[in-house]
Every structure is written in structure tokens, then in C-alpha cells.
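Input sequences plus hints: build the corresponding full structure.
Number of protein chains: 2
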Amino acid sequence: MTAETVTIPARRGKAARVRKGQRITIISTHGTQVVDTWAFSAEDPTEWMSMEASRAWFLKLAGAVGDSYVTNRRRPILTLVEDTSGGAHDMLMAACDLQRYGLLGVKGHHDNCRDNLHAALKELGVTVPATPSPLNVFMNIPWTADGTLSWGEPVSPPGSYVRFRAEMDLIVAFSACPQDILPINGRTGSTTEAHFTIE
Amino acid sequence: MTAETVTIPARRGKAARVRKGQRITIISTHGTQVVDTWAFSAEDPTEWMSMEASRAWFLKLAGAVGDSYVTNRRRPILTLVEDTSGGAHDMLMAACDLQRYGLLGVKGHHDNCRDNLHAALKELGVTVPATPSPLNVFMNIPWTADGTLSWGEPVSPPGSYVRFRAEMDLIVAFSACPQDILPINGRTGSTTEAHFTIE
Numbered sequence: 001m002t003a004e005t006v007t008i009p010a011r012r013g014k015a016a017r018v019r020k021g022q023r024i025t026i027i028s029t030h031g032t033q034v035v036d037t038w039a040f041s042a043e044d045p046t047e048w049m050s051m052e053a054s055r056a057w058f059l060k061l062a063g064a065v066g067d068s069y070v071t072n073r074r075r076p077i078l079t080l081v082e083d084t085s086g087g088a089h090d091m092l093m094a095a096c097d098l099q100r101y102g103l104l105g106v107k108g109h110h111d112n113c114r115d116n117l118h119a120a121l122k123e124l125g126v127t128v129p130a131t132p133s134p135l136n137v138f139m140n141i142p143w144t145a146d147g148t149l150s151w152g153e154p155v156s157p158p159g160s161y162v163r164f165r166a167e168m169d170l171i172v173a174f175s176a177c178p179q180d181i182l183p184i185n186g187r188t189g190s191t192t193e194a195h196f197t198i199e
Numbered sequence: 001m002t003a004e005t006v007t008i009p010a011r012r013g014k015a016a017r018v019r020k021g022q023r024i025t026i027i028s029t030h031g032t033q034v035v036d037t038w039a040f041s042a043e044d045p046t047e048w049m050s051m052e053a054s055r056a057w058f059l060k061l062a063g064a065v066g067d068s069y070v071t072n073r074r075r076p077i078l079t080l081v082e083d084t085s086g087g088a089h090d091m092l093m094a095a096c097d098l099q100r101y102g103l104l105g106v107k108g109h110h111d112n113c114r115d116n117l118h119a120a121l122k123e124l125g126v127t128v129p130a131t132p133s134p135l136n137v138f139m140n141i142p143w144t145a146d147g148t149l150s151w152g153e154p155v156s157p158p159g160s161y162v163r164f165r166a167e168m169d170l171i172v173a174f175s176a177c178p179q180d181i182l183p184i185n186g187r188t189g190s191t192t193e194a195h196f197t198i199e
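So the sequence lines, in the order shown, correspond to chains L and W.
The numbers in our numbering rise by one with no breaks, and the one at position 115 of the first sequence is 115.
The numbers in our numbering rise by one with no breaks, and the one at position 138 of the second sequence is 138.
Think of the hints as simulated: they come from the structure by calculation, not from any bench.
The structure presented is a predicted model; accordingly, all values stated were derived computationally and were not measured.
All clues given are correct.
Partial chain L-side listing against chain W, Cβ under 10 Å, derived: (1) Thr46; (2) Ser50; (3) Glu52; (4) Ser54; (5) Leu59; (6) Arg73; (7) Met91; (8) Met93; (9) Ala130; (10) Pro134; (11) Trp143; (12) Thr144; (13) Ala145.
The following label-pair restraints were derived from C-beta to C-beta distances: (14) Pro158/W / Arg17/L: 50 to 56 Å; (15) Pro158/W / Gly147/L: 23 to 29 Å; (16) Ser150/W / Thr46/L: 27 to 33 Å; (17) Pro158/W / Thr188/L: 53 to 59 Å; (18) Val65/W / Pro158/L: 43 to 49 Å; (19) Gly87/W / Glu199/L: 46 to 52 Å; (20) Pro9/W / Gly108/L: 47 to 53 Å; (21) Glu199/L / Gly189/W: 43 to 49 Å; (22) Ile181/L / Lys20/W: 28 to 34 Å.
We treat Cβ as the ideally placed atom computed from N, Cα and C, and that holds for glycine.
Okay, here's the thing in C-alpha cells:
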């Protein structure tokens, strides 16, 4: 059976339920789209994938194939099992939000990953009391030896993907990042859809 | 008027209310004690100091004198105005918690920074729905150019301090980290008190 390919619409979010042992594949369909990613325990969504606990777990600024991301209760939740994207996945930066776009000069509404997360969860009847720091799949935040960070462009070729194994029953949530001011989604300022499968 | 020096007891937490413009000084009394630090808006404690938003704000892996840490609503909350400690203050690692000590082989109870945070806030009648990633004052987590992290020993001399300016009315919370297994509080495994002033 071929897994259904689900669309994460441009500038929007999408969440799905996943069973322990299933594989989640996130596809960089057009090659320049960041996908903010969160995971929550299906049993209790206040247990969520934690970037700060994951760094303490694998002692690196970024995970690579073979590494497990863990929850705020220190349990593995997602293991990165395959990556054809070039391997730039940020775990340092907050999800974009309305205030962030305000600082960048946007007046009024702008789509943002924080709202996309909560809207996507709501479609599954799930609410969470905070916005965890996301795993920013395909997002390229280079660091230097002296600790300087910068907003890089994606390195993921079109059609490349990352694949995770679910280590518990969980809810995964994605946002096709609507950032069109910084070059995070490429220098064209165009934001696109992405896709995922669960199998 | 000399500001009162308040004790953060060894292995315990302490919180205090601070007005906009006041200075918070955290003293490494004995030189080897990490102080996990959090800040919350007095008006709405679900607005809290965010390490992931602060990295996006100052584009570095760690703040230095002159940098402002910002909230999860992207507003400056604490500005580092003076630092005699050597400057190692981690913003990458989660607060220690009971599960963390379980992974390190501890059976049953162990004091931990997460519980200390919530107990300290409770003394002020404040509850928050999650445990934000802390600013680990005096905690030395070196990184390498390839992104490897390690548990370093403190570099702060006894009596050294950091001083922050409060950028809004806020609640500050501290935990004298009870980590006695990793060398985060020095190789002796002894955990000590620390002190702070607000003026």
C-alpha cells in the first residue's frame, strides 16, 4: 500500500495522528520551503518534543541521522532515520509569530507559524498551553565558532526529504513557514506548499 | 539605601517581583554554582523570557553585555548590563527535572530546577502552564565549530556577578541548580547557595 501524500498548503499548517513505529516523511517539494515541525504525545499533549531537552540528550546544536529528539519528559519521540536534504534543520530559532512580523515592518495581519500550529492542532481537537520551540526542518541557520548565527537560504534540493520514526503514539504538526521577508525560504520571497506521508 | 541581599538556598528556588528599570544582580557567591533564571511579565505570566526568541533577536548562541533577552511576544524583558563572571551563561539546555536524574541513574526523588521554578512561583501566587527554557547563569556549555556541546565546569570566580536591567514589570525566578552528578556545578559535586539583589 502506498501512503497517502498529504499537502501542507503554502503559508498554512497541518497536523496528523501517528502511531508508534510509523515513519513520517517530510518532502521539500519545491526545494526552498521551511517546514516548522512539532510533535506531541497522543496520550498527553503537554508532553511535547523539546529542542532544549534534545540538545541535552544528543549534545549537539543540531540532530543528524540516527539521533532521537526527546520530549520535555526526556522520552524519545522522533528519530531521524533518513535525510536526503543536505541536513540543515534548525533547532535554535522560535517559530515566527505576528509580533515577529511587526518587528520586520509588517502592518496588520501576516500568516505565521505559531498561529498555524494552533489552528492545525485545533482541527484535530487538540489544544496546548504554549508554543514549543519548533524543529525547523529544511531551515538553514549557520553558526560560527564564536557563536554568531545568521539567516541562511535552504540547501534542500526539490523533492528531497527527511524521514522520522515515531517513538510513541503522537500528534505531529507542520507549518509551511510564511516568512517572505528574510531569505529563510529562498531569496525569491515566494512561499510554497510542502508534503508529507505517514506509513 | 543598600539593597537587601536575598539568598537562593542551595538546591532550591526563589522568585521575586521587580519593577521596570530596576537592576537584578545575581551573585556567584561560592564561584561554582549555576543559577537557572527565568523571567515572566508581571501583567501576564504567560509572556515569558524565551531563549529561542532571544537567539532570533540578537543572532548569537549566547548573550553578552548590552544584549536584551526577549519574551515569547518579542519584547525585551532583561538586558545584561554588567558581567564580572567570565561570561559563560548557557541558553541551550533545558532545566534539570526528575526524569533527567532518572536517566543519570538516580532512584526516587532528586531536587531539580523545574520543580524549584514552580515552587518559587507558587510562593508568589503565580502559576505558569509550562517550563520555559531557562537562562542558565554561570553555566558553561562550550560549543565547537561542528556543533558539538559539552558539560563544562563554571568559570565564575567567587563573588563575581551578572547584572540585568528589567525592561518591564516582571517576576524573576531562580534555581540554585542541584546537579551533583555532571560537573556543571564544579567537579566536587557540591551544590551551594547563591544570592541576588534587586535595586
